[in-house]
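Q: Residue numbers (the numbering used here), protein chains in the order written: chain A, 1149 to 1625; chain B, 1149 to 1625.
No wet-lab data here; the hints were simulated from the structure.
Everything numeric in this text was worked out from a predicted model, so none of it was measured.
There may be inaccurate statements among the hints.
Treat identical chains as interchangeable: a pair holds within one or across any two.
With a cut-off of at most 20 angstroms between alpha-carbon atoms, the simulated EDC-like pairs for lysine to aspartate or glutamate come out as follows [claimed, not checked]:
| # | residue 1 | residue 2 |
| --- | --- | --- |
| 1 | Lys1183 | Glu1320 |
| 2 | Lys1448 | Glu1319 |
| 3 | Lys1197 | Asp1208 |
| 4 | Lys1281 | Asp1395 |
| 5 | Lys1483 | Glu1319 |
| 6 | Lys1483 | Asp1504 |
| 7 | Lys1197 | Glu1213 |
| 8 | Lys1183 | Asp1251 |
| 9 | Lys1183 | Glu1222 |
| 10 | Lys1159 | Asp1251 |
| 11 | Lys1281 | Glu1319 |
| 12 | Lys1524 | Asp1589 |
| 13 | Lys1294 | Glu1614 |
| 14 | Lys1483 | Asp1277 |
| 15 | Lys1294 | Asp1251 |
| 16 | Lys1371 | Glu1563 |
Each chain, letter by letter, is given below.
There are 2 protein chains.
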Amino acid sequence: MEEDTGALPLKDDFSRWYNEILWRAEIMDVRYPVKGLYVWYPHGFAIRKRAYQILRELLDRDHQETLFPLLVPENEFMKEAEHIRGFENEVYWVTHGGRNRLDVPLALRPTSETAIYPMYALWIRSHADLPLKLYQVVNTFRYETKHTRPLIRLREITSFKEAHTAHATWEEAERQVQAAVELYREFYRQLGIPVIVSRRPEWDKFPGADYTMAVDTVMPDGKTLQIGTVHHLGSNFSKTYDITYEDANGEQQYVHQTCYGISERSIAALISVHGDDRGLVLPPAAAPLEAVIVPILIGKRGQEVLAAAEALLCDLQDAGYRVHLDTRDIRPGAKYYYWELRGVPVRLEIGPRDIDAGAVVAVTRLGGRTTIGRGKVVEGVRSVLDRFADEIRTRADQEMARRIRIVDSMEEAAEAVRSGVAVLSWCGSPGCAGSIEETTDASILGSGSRSPHITLADQPCIVCGEPGTTTLIARTY
Amino acid sequence: MEEDTGALPLKDDFSRWYNEILWRAEIMDVRYPVKGLYVWYPHGFAIRKRAYQILRELLDRDHQETLFPLLVPENEFMKEAEHIRGFENEVYWVTHGGRNRLDVPLALRPTSETAIYPMYALWIRSHADLPLKLYQVVNTFRYETKHTRPLIRLREITSFKEAHTAHATWEEAERQVQAAVELYREFYRQLGIPVIVSRRPEWDKFPGADYTMAVDTVMPDGKTLQIGTVHHLGSNFSKTYDITYEDANGEQQYVHQTCYGISERSIAALISVHGDDRGLVLPPAAAPLEAVIVPILIGKRGQEVLAAAEALLCDLQDAGYRVHLDTRDIRPGAKYYYWELRGVPVRLEIGPRDIDAGAVVAVTRLGGRTTIGRGKVVEGVRSVLDRFADEIRTRADQEMARRIRIVDSMEEAAEAVRSGVAVLSWCGSPGCAGSIEETTDASILGSGSRSPHITLADQPCIVCGEPGTTTLIARTY
């Protein structure tokens, strides 16, 4: 729907690259006439559907999908004091229906604890109802006053996957926190996106939580992007909403809860981590099209090539591939450019010489060429796609490793956060955190991270010398 | 999450039956603390997902899925005068973000013309961009002041599938109206739901449309439920939003548009048309589980039966069936009751005698028994499911036929609408419509219906004797 005019900026100029690739690769249109609200183009939405299908399949193993209302009445919303303080400046309020003022203002959910937990109070009766693990994929709203940015900082988060679980004990809920972290790791592994998991400092935890684990990735400009959070809610909400179960002894007990979310920031990470100067680079699992066939229709054998390309299309479709045959009347080079921009993992070229050789040429989005015998094309394309998925995952892992630096001094830390994450030891005190954040002009991301890239053992605090914990420092989105 | 206490009311007592089956079969919970907003239970949501998957597959043949924002700024919303008059009393308004009053109030979309068409004005440039056929599945909002009812009359329509197309000419748009009607017919055919398609009278068309085609079904209480609409918008919106294309002669022309929608009323119809005194009856295509295996674990051969049931489960899962093995420690009869209430199409019983006979007993939700040889179980279950789908479709068609009556007099019409639809001829004048509606205490549904059940040729108007058109009269939801 848009003409490709001019070239994509280089990815080194990340902010411009990001803004341009969104419309050039037909991910989002930013011209909707309200700040912070954007339109998903069909191609962007198709990528979102693929990614969320992976997420749903992981969740569906032991969660159930459900759907709760968007509108939360003010009285329910205002029940949990700490939670409200965290959100009250960000909530959109519906005050009128038609020409009438509503008796009770309705909040557009910024997140759904206050919509879901009154129902959990009705649904949970006995220990046999536990654990309860539900999720929904919904639009949520934040009245962001900061600079908004497509997929990253939005007023309508269109694709919030939020899971809410209830358990008999605090320890069971803690195990669920770990399970959720592992689920998110697996989700991002399938997308080839490297992540760091850490425990957020007290002042940065979810309002109403006992603690928050966060999943971050490092963006090409060295800033970290939070792309998943997992919260241990303890019994804070169950006490507010009176969610109890009868235990084996017939006593009423408060449930212990967790909640965890992922939004379309996962798509922002997918675009940013893998993309390059020529456009999107999609892992096959998230690609609406795994392969595109470009027939080389030159010379007199055009009809023959077209027929061969159509036969190839049929064979691959029958084998279950998502594949498209590009028969447009434009030069092959223009087609290459078009599909590279949109991130299709593999291009299959077939021309007169390939027909004569009984072969098809597969070129990956990163330029790797493989000649596949026509008779083995179904297995051959699978193998090319699998290797390509490994290649971009490895490439992203190496990039992440390059951006994480163990530092010995505040000066080194200040240097390291300009291109990524600094790893140091910190005692946990807000005072020392203030020092670190001021000197580095960056934030305490979190502690207790386990990752092959973060090999620092706990050492004395870099500021005060008291016993410290391995801690990540970064500039954040 | 709920105990099954007491029995479902008889379906003849339809209104009570409907309200009770919603929670007993775990479709929706109506206890959410805002009028007209409901919670989807996982089982209800799983049915909704199946049905919408069918709808998406039909649309994806030549439409693309997309996603537009929920919030529409007042100035865009207020542009199309006729459209606004149709919705202004039903629109929810967001007036505050945090503690701030918004400069421009934001409407929660009641439908998305006013959100989508400003973008179409940017996207459509030339005839090469046409036809444009997009759809989205979204939540929409209506401040209903009438009696609300789950899935039928809602304040949050959680599952509005709306398609919006643009064409070069009025005639092309008209062909799209026909294509959309056929698409909806096919959708409902796959769900086994019989429909009547008719053209709504002028005063009942979509605000801003040239005309509206509607898809209705007849509910068990004889009232019709509108379960799909298709609107020819002409160039009414393209003139308001300035959506033009350059034709082959280089002239700017307004596009001609259509839009068409289906909501979770499709699920209300699915439940109501097929359900019976024992609970839901789901067509296999929309059933989260196609089959449930109930092992008959009596006597000494319990372990052997369980092993046989597990082997059966594996075979059916490997063959792609959605199937569950119910190993709960309760009586088989209680399991039958449980799964019948939830509408599972086929129950597979396997006990010691079946093992000895090398067979499995399949019992459909309507009671049909088939003994399938264990070696042919994969094909056997497919055949049972296919016959069951035909059986419930035929049953629903016959019920529909029974409820449509061609009438010769107003007295007969008044009688016919008490149990369904009266078919008569009407001249098209509002005066005669008023007479008909007053005498029958029912509404003009629409005209120009093509259906094997509606065989009346156009005759003189039943009121004034002027030339008339075959017209449907019914009490409506």
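Q: Tell me the hint numbers this structure goes against, listed in increasing order.
A: As far as the earlier hints go, 1, 2, 5, 6, 10, 12 and 13 are violated by this structure, in ascending order.
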